[in-house]
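Chemist: So the sequence lines, in the order shown, correspond to chains A and B.
Under the numbering used here, the first residue of the first sequence carries the number 17, and numbering increases by one thereafter.
Under the numbering used here, the first residue of the second sequence carries the number 15, and numbering increases by one thereafter.
Just so you know, the hints here were simulated from the structure itself, not pulled from any lab data.
Treat the hints loosely; a few may be bogus.
[Claimed, not checked] Only pairs whose alpha carbons sit at most 25 angstroms apart, straight line, appear in this in silico SDA-like list of lysine to any residue:
no., chain 1, residue 1, chain 2, residue 2
1, A, 25, B, 63
2, A, 25, A, 145
3, A, 25, B, 60
4, A, 25, B, 150
5, A, 25, B, 68
6, A, 25, A, 154
7, B, 179, B, 193
8, A, 25, B, 61
9, B, 179, B, 126
10, B, 179, B, 147
11, A, 25, A, 79
12, B, 179, B, 150
13, A, 25, A, 91
14, A, 25, B, 67
15, A, 25, A, 177
16, B, 179, B, 61
17, B, 179, B, 289
[Said to hold, decoys possible] Ranges of calculated distance between the beta carbons of each label pair, as one might list FRET restraints:
no., chain 1, residue 1, chain 2, residue 2, range
18, B, 102, A, 145, 31 to 41 angstroms
19, A, 154, B, 102, 47 to 57 angstroms
20, B, 69, A, 165, 24 to 34 angstroms
21, B, 78, A, 179, 34 to 44 angstroms
22, A, 169, B, 84, 25 to 35 angstroms
23, A, 173, B, 86, 31 to 41 angstroms
24, A, 147, B, 40, 20 to 30 angstroms
25, B, 43, A, 145, 50 to 60 angstroms
26, B, 62, A, 149, 23 to 33 angstroms
27, B, 78, A, 27, 25 to 35 angstroms
28, A, 27, B, 95, 54 to 64 angstroms
29, A, 118, B, 84, 37 to 47 angstroms
30, B, 91, A, 116, 51 to 61 angstroms
Even glycine gets a Cβ: it sits at the ideal position worked out from N, Cα and C.
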Amino acid sequence: MRLWREHWKLGVVLLLLVLCQFTLRPAIGDARLERVAPDFLLLALLVYAIQARPGQGAMAGFVVGLATDSLSMAAFGAGALAHTVVGYLATWGKAVFFADNLFINAVFFFVGTWVRDIMVLLVAQHAGGTVLWWQLGYLAPLRALTTAVAGVLTLLVFRRWLNIRVSE
Amino acid sequence: MLFAPARFASRRDTIAFVVCIVLSIGARFAPVDFQRNVASFMRNTVLRPLLGIERQAVALQTAIERAEDIRWQRDSLAAEALELLQLREENSRLREQVGLGARQPWGPVPAAVLHSDEPTGVTLLLSAGSDQGVRAGNPVVALQPEERGTETRARRLPGLLGVIKSTDADRSTVTLWTDPNFGAGAMTADGEALGIVRSRGTHGPNANMMELIGIPFLEVVDTGTAVVTSGEGLGRGGVYPRGLLLGVVEVVEEIEEERKGWDWSRTYFLRPAVQPIAVSHVIILTRPGDDVTNAFVVDST
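Working from the sequences, and respecting the hints, build out all of it.
Modeler: Below, the structure is given as structure tokens:
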């Protein structure tokens with residue numbers, strides 16, 4: 017019974033993050049910064065990965081990646097591959113290395129987003145040279161930073177629902 | 015860990031990961047049509063409600079942004095309204111400088127001269143027509159372009175150029191005062207002397223001049239006196255409202271003695287207020303009143 021209740025709470029948080037992706041994200045982001053905004057779908061994947069098994073994380077990553085690929089069609093499959101890897105590694109990383117520390121969690125979200133972007137950019141092979149480095153060295157970290165901030169806020173707000181002990 | 019078992023990462027997890035990787039690579043290198051079909055399927059099934067929500071969110075955001083734009087436009091209009099007050103004052107000053115009085119109540123329509131009917135020189139083709147409210151019989155005035163050594167202030171007043179002869183949707187033809195059949199009831203600006211102004215034609219001696227006829231012999235009109243339309247016959251076949259500048263008295267030409275029906279009268283030559291050949295823009299008076307004297311501040315001296 018308790019397990020179901022925890023499932024339900026996690027589901028609500030993930031659903032909220034998914035809704036944020038389709039409602040909040042279009043409205044935020046500055047055009048001068050190429051509308052860099054938190055990736056709530058990836059954040060949902062990472063939040064799920066905190067409490068999931070590696071296989072579950074990989075499958076969730078694949079589904080999320082397939083969804084993002086279907087929406088953009090820029091490099092179909094690249095997102096699926098990147099999200100699969102990130103979902104899988106996130107479960108491992110969280111289980112092995114990370115503690116329930118707010119800063120560590122922020123780094124977790126930051127690295128997860130950055131790695132995803134690096135993989136997508138490299139697999140898609142749409143950009144090269146200066147543009148690629150601009151994406152990898154500037155926009156990707158910026159996006160990772162915003163996602164990390166959104167992730168920390170999510171943990172702070174829903175820490176009881178997610179059953180996470182957050183210490184500063 | 016909430017869901018993870020004690021023994022982390024089983025073979026099942028590894029297999030799931032490998033399968034997902036293989037599927038992802040397969041999707042990446044699949045034929046484009048297959049990719050499109052899968053993406054289309056995803057968008058039309060799983061993602062459909064989310065995309066619907068996103069569409070609504072974007073519409074809402076757009077509405078909010080538009081509301082901001084409308085507020086911005088309203089504020090801009092308010093600011094422009096303030097500027098308008100200054101422009102009105104400036105406009106009044108400028109109208110006074112060019113001899114225009116109060117704002118004309120008769121809906122003037124500006125037009126450009128498109129074509130003149132050389133060589134006769136008695137009509138002009140204008141750029142405004144019935145779509146702009148121009149009708150046959152509307153008076154046309156114009157401002158004589160400034161010349162070096164302009165002598166009098168009256169010289170720079172808008173003067174009668176002619177009358178609209180015919181109209182198209184966006185063009186009209188004006189019959190100029192140079193037409194030999196031109197005639198208008200006239201008077202001196204002070205209203206002391208009444209007569210008729212006619213054209214001297216476009217050829218021959220004193221061509222492109224006007225003549226003021228029928229001035230009683232005992233009424234002497236000084237040189238330089240402005241002559242305006244008297245409004246005689248307006249509404250009974252006449253088309254020119256009272257007060258349109260015709261020209262300035264140049265010289266007394268002749269004294270007629272019971273000639274052509276004028277008993278002991280004088281004829282004066284007028285220097286026209288407007289020479290059609292110099293005009294590039296005109297004003298068509300689409301709703302002339304009985305009296306436009308106040309529209310043009312004519313200096314009789």
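Chemist: Now tell me, hint by hint, if it's right for this structure.
Modeler: Structure-based check of each hint:
no.: 1; hint: 25/A <-> 63/B; result: holds (22 angstroms)
no.: 2; hint: 25/A <-> 145/A; result: violated (45 angstroms)
no.: 3; hint: 25/A <-> 60/B; result: holds (22 angstroms)
no.: 4; hint: 25/A <-> 150/B; result: violated (82 angstroms)
no.: 5; hint: 25/A <-> 68/B; result: holds (24 angstroms)
no.: 6; hint: 25/A <-> 154/A; result: violated (35 angstroms)
no.: 7; hint: 179/B <-> 193/B; result: holds (12 angstroms)
no.: 8; hint: 25/A <-> 61/B; result: holds (22 angstroms)
no.: 9; hint: 179/B <-> 126/B; result: holds (16 angstroms)
no.: 10; hint: 179/B <-> 147/B; result: holds (14 angstroms)
no.: 11; hint: 25/A <-> 79/A; result: holds (21 angstroms)
no.: 12; hint: 179/B <-> 150/B; result: holds (5 angstroms)
no.: 13; hint: 25/A <-> 91/A; result: violated (34 angstroms)
no.: 14; hint: 25/A <-> 67/B; result: holds (22 angstroms)
no.: 15; hint: 25/A <-> 177/A; result: holds (6 angstroms)
no.: 16; hint: 179/B <-> 61/B; result: violated (69 angstroms)
no.: 17; hint: 179/B <-> 289/B; result: holds (18 angstroms)
no.: 18; hint: 102/B <-> 145/A: 31 to 41 angstroms; result: violated (60 angstroms)
no.: 19; hint: 154/A <-> 102/B: 47 to 57 angstroms; result: holds (53 angstroms)
no.: 20; hint: 69/B <-> 165/A: 24 to 34 angstroms; result: holds (27 angstroms)
no.: 21; hint: 78/B <-> 179/A: 34 to 44 angstroms; result: holds (37 angstroms)
no.: 22; hint: 169/A <-> 84/B: 25 to 35 angstroms; result: holds (33 angstroms)
no.: 23; hint: 173/A <-> 86/B: 31 to 41 angstroms; result: holds (35 angstroms)
no.: 24; hint: 147/A <-> 40/B: 20 to 30 angstroms; result: holds (28 angstroms)
no.: 25; hint: 43/B <-> 145/A: 50 to 60 angstroms; result: violated (24 angstroms)
no.: 26; hint: 62/B <-> 149/A: 23 to 33 angstroms; result: violated (37 angstroms)
no.: 27; hint: 78/B <-> 27/A: 25 to 35 angstroms; result: holds (30 angstroms)
no.: 28; hint: 27/A <-> 95/B: 54 to 64 angstroms; result: holds (56 angstroms)
no.: 29; hint: 118/A <-> 84/B: 37 to 47 angstroms; result: holds (43 angstroms)
no.: 30; hint: 91/B <-> 116/A: 51 to 61 angstroms; result: holds (57 angstroms)
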